Structure formats: C-alpha cells, structure tokens
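207 is the number of the first residue of the sequence shown in my numbering; add one for each residue after it.
There are no misleading hints in this set.
Below 30 Å or equal to it, Euclidean Cα-Cα: the simulated DSBU-like pairs (lysine-lysine) are: (1) Lys266 / Lys800; (2) Lys568 / Lys435; (3) Lys332 / Lys409; (4) Lys645 / Lys795; (5) Lys795 / Lys276; (6) Lys435 / Lys409; (7) Lys332 / Lys568; (8) Lys654 / Lys795.
Here are the computed distance ranges between Cβ atoms for each label pair: (9) Glu711 / Ser789: 47 to 53 Å; (10) Ala352 / Glu267: 47 to 53 Å; (11) Leu226 / Lys271: 19 to 25 Å; (12) Gly460 / Ala219: 33 to 39 Å; (13) Lys271 / Arg591: 28 to 34 Å; (14) Thr359 / Pro678: 53 to 59 Å; (15) Asp343 / Gly629: 52 to 58 Å; (16) Gly460 / Asn549: 52 to 58 Å; (17) Ala219 / Pro462: 30 to 36 Å; (18) Arg453 / Arg329: 22 to 28 Å; (19) Thr360 / Lys674: 58 to 64 Å; (20) Arg671 / Leu286: 56 to 62 Å.
Because the hints were derived from the structure by calculation, they are not lab data. What you are looking at is a predicted structure, and each value in this text was computed from that prediction instead of being measured. Ideal Cβ positions, reconstructed from N, Cα and C, are used throughout, including at glycine.
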Amino acid sequence: MFAKGPAIPQLRAQNLFSPLDLQLAGYLSSRCPEHQLSTAMAAALVSRQTGLGHICLDLKEQAGKPVNDKLEETLLCPGLTEWLADLSSSPVIGPGSATTPLVLEGTRLYLRRYYAYEQELIRDLKERSTEVGTAHDPGDVRAALARYFEPETTEPDWQRTAAFASLTGRFCIISGGPGTGKTTTVAKILAVLLELAGSASIKVRPAAPTGKAAARLTESLRSAVTRLKLPEDVAAAMDLEATTIHRLLGVVSGSPYFRADRDTPLDADLVIVDEVSMVDLPLMAKLVRAVPPHARLILLGDKDQLASVEAGSVMADICGTGDLTRFSPSFVAGYAASEGYENLPVQEDLPEMADRVVQLQKTYRFSEDSSIRRLSDRVRLGDARGALEVLSSPGPDLTWVEPESGKGLGAVLERVAGEELAGCLAGNDPMTMHDSFGKIRILTAVRKGERGLEELNRVVEELLRRQKVLRPEGRWYPGRPIMIARNDYTLNVYNGDVGITVRDEERNLRVAFPGPDSTPRLIAPVRLPEHETVFAMTVHKSQGSEFDTVILVLPDTDVLVLTRELLYTGITRARSRVVVIGSREMFMKGVGRKVERSSGLREGVWG
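Kindly generate the complete structure, drawing on both the sequences and the hints.
Okay, here's the thing in structure tokens:
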C-alpha cells in the first residue's frame, strides 16, 4: 500500500532504483517535506524511466500500481488524483514555463532537460513542416523529375512523391523498409536540386549516427550516382563523403554541446541524415537546431526498426501512427499540377506533418514470394500466428531451428552455417577476409546468458579452432574480428567499424580496416580505442549494416528487450538468407511485445 514515512529507505528496499535515481529522489524530496514520499517516488521513477529510454513518466500509467510488481511486499504509487495534487503543490515541480527541476505537463512528468529537448524539437519540426521550399519553374521541376523517375501508372510512385515533398518544403522524412530505395530516392532528389540550381553551388552535408552507417551512406550515394548515369557536372557535385552526426556538428570536448548550434549553424543548403531510428532525442534536437533556416533537411530511416539505445523513439514518433499514404488536398493538388498525376490519396484536416512524411511501399530487394519479406511483414504488423506460419514453412531463404535439449549451440551453428563461418575468415588477405566476413553475421538479443553475445563469441571461436581455421594464442591472433566501440578521429575509426586481425609483411599482428580504393588500413592492436570481439553482435549494434546471411539467435528465457522491433530489425539485416535459432515460445513472445516509450513528441508534432 501507499505508505507514509522516510522516503529513501522505502524506495531503496524496492530493489529497483539505481544510486543516481535515489540521489535525485532524496535531494528533491528533502525540499518538500509535506509530500516527501510521493515526490521522491515520482522523482526516482522518472529518473529510472529516462535510463530505460523513455522521455517522461506517464503518471496515468503508473498511478495506483506497485512500484516493483516483482516483490510480494511493495509500495503502491498514489492514485492519480492524489498524486497530481501532491506534485502540483511541490516547489521542485512546475509547468514548462517555470524553472523547477521537474516539469509536470498534464499527466506526464519530465526531467527538465528532456522536456526542453522535446519542446524544442516539436517547435522546430512544426516550423519546418509549414515552410515552403525555394520556388522553381514548374516546367523545369517536371522535366528534371521525369529524367529520374518512370512514368506513373494508376498506383502512386512513392519515391517520386518523396522527391516532390522534398522539393516543395524545407523538411521531409522518408521512411521505408529494406530495399525500398531510400538512398536511391535521396540521390535522385539531390540530382534534381543540382540541375535546378544550374551554376549555383549547393552545399550538401550527408550524415549518419555511426561511422559504419556513414560509410554505408557514402557507398550507397556513390553507387546510385553510377546507376543513374548523371551528367558529368552533376555526378561530380554528388561525389560526397558522409560523416557521423557528432563530427558534423563538431564535438566540444568534455561538454554535451556542439560547435554548430542555432547561433552558429551549419554551412549547408541541404542536410541528409540516414538511419534516423538510431538517433536519440537530445541528439536530434541539437541536430535540427544547427540546420540553418534556409536549408532543407531530409531524414531517412525505417520507423519500424529498433529505437535508439538512448532516450526516445524519435523516428517512430515523428512518423506518427496514422495512414502515411494520405496527403492534404493542397499537397495532392500541387502534385497533380506539377507532375500531372492525380493518383495520391487525399484526406481533409490533416496536420502539416502528414505532407512531410512519405512511407516507401515497394521493395526491390525481395520478390513477392520471398520468405524473408513475408516473415518481416508479419513480424512488423505484430501478427504472431502469421509469422509463425511463415517461419514453419522451410524455404531456400529461411530456416528455423529449435535447439534440442542437451544439444550445444556450437553443434547447431556448425550444422546450419559451419562452412560459411569457416570460409569467411580463412587466409590472410585483409580485403578478401573483410568481404567474406561481411557476408554472414550471428545476431543476438542479449549480451549475457547461454545465448548471449559473450557466450556466442566463445562458442564460434571454439568452433573455428576445432575446424583449424583459427589458432587462438592469447587475446590477439590472426583472424580475430573486432568491432570498435568508441570513435577515434585520429585513427579514423568509428563506433561500429569492424576490423580483422592479420599479420603484416613483417609478421606483426595488425588489425585491418577497409581503406580507400579497396586497400586495407593496418593498425597495431595496442593503438585501438575500446573494442570487442565480433564473431557475433547484438541486433542493436547491427543497425545500419546488411549481410547476405543472418543467423538470429533468440534467448532461451524471456527478456523485455525481445520485441517485434528487435526481431524485425534482425531479420531485415539479411539480403538473401535468414536462420532463426530459438523456441516457438520465445519467438511468439517477441512478436507480441511492442516497444512503447513514454513521450509527448508524437502528440506535439502531430497535434
């Protein structure tokens, strides 16, 4: 029940809160002795929520419930009416216009810093969603688009729709699953903008959350340029190198701030950001504030993928929950007048944001009968039974293995992918090994446990040792793959980069990373920043990457991180083959569990 008395000892006894949560709760509740326990409880819970990826604590969801429902004897949170009354009279809690450490907005309670980030991002995105892009002659726009997009049929061309949205506004977010052509679309948009600009130069700044994702964006844009067969001057202007968001904004050492901000914006006419689902709320707020008012901002990502590791689910919140294939009458009329097509669905009374978000529908990677495509669609929609039906039907691109009791994971991996795993690290040629290793990856949901990252790395290392592919002698040995966990701008290696250990010409051990012109960059292991072995990786770390074959290992016990977003993200890392190792029960639990992060961003942006 809800008890009175000393707050912190009671909260500590719940075995739920970190020392930081309790420190904040103790400090704030000491300022309001009249409602000490209810204030301390709210402060500890909102601090814990942000640590779990939420932006706020929704008191409506927590009121009257146990603080820790896993304990037999636990504190109950106050009822909503009583709790709101207590907190509203607290000197450390106030509305957004106040200067209190905690902000109460309706039934949502925020740490002020996160409230400020959320409100700033809402304000900036709503302003950008109402702004109109630089006017171009409609005939020139139609002619330029016609050069890069096929004539439409009765069905909308969603890539062309995204291009039109980007050309007629200062902000556009393009969402789409694997193989829907997000980077191809943005390459076409860029080509059109360069053509329309003529001799005037356009300063384009492409970026992504991690070094790995930035490298993939660079590669994708350059390959799209080749496929599009652009005029030489346009192709030359599109020879761009993407960077990480942190590097784009300019890190200030020892500070949460960046050199680029509202007062000192980026020198850019167009900012393109890929893999936006990986971007947390504070970073997105700082990025948008640094984009100059005249510049276009195009965000790319998949709204159904995993949310960022840190607080917020920005991509999903900005995209909303409505039908992303409907647009306002003014947008549809403008599209028809400019493009000559009248096939876009229209709906009255839509918020401005509806015209700024385009969901690409057609996938070019998988055929209609692809098991990977059908499985990912069922998982994305939360259709557990339908997903299980697909998973239970063997096919050339999909395999499901339910490990037998007593059988080790090494035996299972050897049976389903032994030859692929052995072949990907054979030899000593760095680039050949990188190409081979990049074709297959084992993914897991968790780090600890029998099917966690650490155990999988050990099992695969032992499997390859038995196959005489590797000869581990100490920590470092030829063939050991590692993943960088912290950016090092001096060495030009970034979080998510994968290197493979080889011997150089002097027989010294070096870690090889892909360099320009298909040449390896060799770095002594002792110089590397924080890193870890990467025979296997977590699904979170795999975001922004693709592999021919994905082996997705489900945990053997239920964990909260096993969600449909995690399963969808893991499955869609594959280009041609998926192997799922796990039980029917764990798979069904994962598909049935959706990530829900408390936030006011979606409501604020969509009204």
